[in-house]
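*Asks:* Residues per chain are reported as follows:
Protein chains: 2
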Amino acid sequence: MKNKIAVGIDIGGTNAELGWVNKDGKVLHRQIFKTADFTEIEQMVETIGNAINAQIKNLDHCEILGLGIGAPNGNFYKGTIEFAPNLHWKGVLPLAEMFAKKTGLTTKLTNDANAAAYAEHIYGAAKEMNNFLVVTLGTGLGSGIVVNGNVLYGATGFAGEMGHTKTMDNGRQCGCGRLGCLETYVSATGLARTTVELLAQSRQISVLRDKEKITSEDVFLAASSGDELALKAIKYTTTIFGKHLADYVALFSPEAIFLTGGLANAHSLLIPHTEEVMNQSVLKVFTNTVKIYPSALLKENAGLIGAAAMLFDID
Amino acid sequence: MKNKIAVGIDIGGTNAELGWVNKDGKVLHRQIFKTADFTEIEQMVETIGNAINAQIKNLDHCEILGLGIGAPNGNFYKGTIEFAPNLHWKGVLPLAEMFAKKTGLTTKLTNDANAAAYAEHIYGAAKEMNNFLVVTLGTGLGSGIVVNGNVLYGATGFAGEMGHTKTMDNGRQCGCGRLGCLETYVSATGLARTTVELLAQSRQISVLRDKEKITSEDVFLAASSGDELALKAIKYTTTIFGKHLADYVALFSPEAIFLTGGLANAHSLLIPHTEEVMNQSVLKVFTNTVKIYPSALLKENAGLIGAAAMLFDID
Numbered sequence: 096m097k098n099k100i101a102v103g104i105d106i107g108g109t110n111a112e113l114g115w116v117n118k119d120g121k122v123l124h125r126q127i128f129k130t131a132d133f134t135e136i137e138q139m140v141e142t143i144g145n146a147i148n149a150q151i152k153n154l155d156h157c158e159i160l161g162l163g164i165g166a167p168n169g170n171f172y173k174g175t176i177e178f179a180p181n182l183h184w185k186g187v188l189p190l191a192e193m194f195a196k197k198t199g200l201t202t203k204l205t206n207d208a209n210a211a212a213y214a215e216h217i218y219g220a221a222k223e224m225n226n227f228l229v230v231t232l233g234t235g236l237g238s239g240i241v242v243n244g245n246v247l248y249g250a251t252g253f254a255g256e257m258g259h260t261k262t263m264d265n266g267r268q269c270g271c272g273r274l275g276c277l278e279t280y281v282s283a284t285g286l287a288r289t290t291v292e293l294l295a296q297s298r299q300i301s302v303l304r305d306k307e308k309i310t311s312e313d314v315f316l317a318a319s320s321g322d323e324l325a326l327k328a329i330k331y332t333t334t335i336f337g338k339h340l341a342d343y344v345a346l347f348s349p350e351a352i353f354l355t356g357g358l359a360n361a362h363s364l365l366i367p368h369t370e371e372v373m374n375q376s377v378l379k380v381f382t383n384t385v386k387i388y389p390s391a392l393l394k395e396n397a398g399l400i401g402a403a404a405m406l407f408d409i410d
Numbered sequence: 096m097k098n099k100i101a102v103g104i105d106i107g108g109t110n111a112e113l114g115w116v117n118k119d120g121k122v123l124h125r126q127i128f129k130t131a132d133f134t135e136i137e138q139m140v141e142t143i144g145n146a147i148n149a150q151i152k153n154l155d156h157c158e159i160l161g162l163g164i165g166a167p168n169g170n171f172y173k174g175t176i177e178f179a180p181n182l183h184w185k186g187v188l189p190l191a192e193m194f195a196k197k198t199g200l201t202t203k204l205t206n207d208a209n210a211a212a213y214a215e216h217i218y219g220a221a222k223e224m225n226n227f228l229v230v231t232l233g234t235g236l237g238s239g240i241v242v243n244g245n246v247l248y249g250a251t252g253f254a255g256e257m258g259h260t261k262t263m264d265n266g267r268q269c270g271c272g273r274l275g276c277l278e279t280y281v282s283a284t285g286l287a288r289t290t291v292e293l294l295a296q297s298r299q300i301s302v303l304r305d306k307e308k309i310t311s312e313d314v315f316l317a318a319s320s321g322d323e324l325a326l327k328a329i330k331y332t333t334t335i336f337g338k339h340l341a342d343y344v345a346l347f348s349p350e351a352i353f354l355t356g357g358l359a360n361a362h363s364l365l366i367p368h369t370e371e372v373m374n375q376s377v378l379k380v381f382t383n384t385v386k387i388y389p390s391a392l393l394k395e396n397a398g399l400i401g402a403a404a405m406l407f408d409i410d
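From first to last, the protein sequence lines are chains A and B.
Our numbering numbers the first residue of the first sequence as 96 and each following residue consecutively.
Our numbering numbers the first residue of the second sequence as 96 and each following residue consecutively.
If a hint is listed, it holds; no wrong ones were tucked in.
Just so you know, same-sequence chains aren't split out, so a pair can sit in one copy or run between any two.
Calculated cross-link-like contacts (lysine-lysine; reagent style BS3-like; alpha-carbon spacing at most 27 angstroms):
| no. | residue 1 | residue 2 |
| --- | --- | --- |
| 1 | 327 | 261 |
| 2 | 261 | 330 |
| 3 | 386 | 173 |
| 4 | 379 | 261 |
| 5 | 261 | 386 |
| 6 | 338 | 261 |
| 7 | 99 | 173 |
| 8 | 173 | 185 |
| 9 | 173 | 379 |
| 10 | 121 | 222 |
| 11 | 338 | 379 |
| 12 | 196 | 97 |
| 13 | 185 | 379 |
| 14 | 196 | 185 |
| 15 | 152 | 99 |
| 16 | 121 | 394 |
| 17 | 99 | 197 |
| 18 | 394 | 222 |
Derived from the structure by calculation, the hints contain no laboratory data.
Extracted from the complex, chain A is given alone in its bound form:
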């Protein structure tokens, strides 16, 4: 019997990563492209498509199940990327169809956070779970929501936009054009914005005062060495996050919540207080019913292997 392999592509604002993934979620071979190098989307399909086609010729001892793509603002039903604020190609892009035509492979496309949910379900810590949330904390906040064993797509294919639920009226301006979205507070960017605000509001001594441009990594580093202002910024973030998760618990009653994305690497600074606030805030019947964990795939590219996983999956 031939070994089964799926091709995965993870498209982000900075990199587009191509990988050949086996049924155990192992990436056998990978190539990284700079997203910005592709001025037009057609160039990307041409270049990455050629790379795929070249490899296929070397793999006739394998059965290639197809191609899975994870991308911001990806629509599973339509195979399109639609109006992605973090990508430089604009409008509605029929990416799945373009890649299918170029490679001849069965092609599925989903949003990057949903891809992370497939990865956690099939290769990660949610193997035995039918109801769970995956929250990707990077530049923004994405979410993949699994209900009764299936990723939640809703009527449009765009369901699960937790990052764009509202934290407060007249809150911070979001990339989506609205005010007060959760991701303007709870994300790498959100944490940096909070820190800058706290620095501006107080005269508190902090190692972060010397920084020209503050990143979430700077804040975590400062917090780890006891910087009070950095700790305050993290506490503000986890308080908002915990309160919001309390609402999602009341709506979805998940078995667990998994954190992934760059910010999740600092899970030991994030999870305990988030969980505490979540349990304090939630409707009593849900108290202590849900644990928050770092993704079991934090060191992998979950978007990539999750995209490929769609081809192994039944969904």
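Dock chain B against chain A, hints included.
*Replies:* Positioned in the frame of chain A, the structure of chain B alone reads:
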């Protein structure tokens, strides 16, 4: 072939209604009991159980599929009512098991808002829909959420508690003991509270100033005759509701949202502005993707026929 019939019970704070429902959702026979008459839950099971058993004897030309119960704080998985603030029996009550034992019927139990969702799905306006929300606006705010054709129960069986997601920090006190739950603003009680607040805050002339105890019906009646303060109270309510629904649209991407319960009878005063605010507030990709409708079963007891529908359903 024998006619198929299911028994439904809808348990509320005031009445417990028993009905014999056919596969078209028609209630062939019904009996209404006063919930408060049953000091102990055992008395209710005894009395209603006896009524069921007496009828079964008259129905041997029918096939009785089983018994469905809709009740506040009902848990579908466990068949229990748990800590229902609006019922006078306290603790965890294994009601499905008690009725099954008394009647010998296959017995299913769910929360009353979920029962309304089954009813809408099987007999109402959501027959062709796989993703929709049913919001029951009565004393509180309940919700039945249907995802991929199935009612959302989550890991605990309690999912879908929209009424207890948070509207604002340090908001109104809720029956659940927390502050700022949606149902303290958007419900019959919530509308009355808003009206009382507006009367206290202003000196605006209103027919409602003469009332000793204001109900949501009083507010709608006043609004219908152009009372500015009543209209303001309704606008405040629909603004909060529309903003919240925008979040649920981003999470669930439903095909439609159905309103039921007492307050929904005034749908013409509620829906247009709620829908307007929802579409203004929602993430752009969802704008105008969702309509809000009154339930097609507003004149029925959707809780009763939905409870019975669980026996006809595949879920």
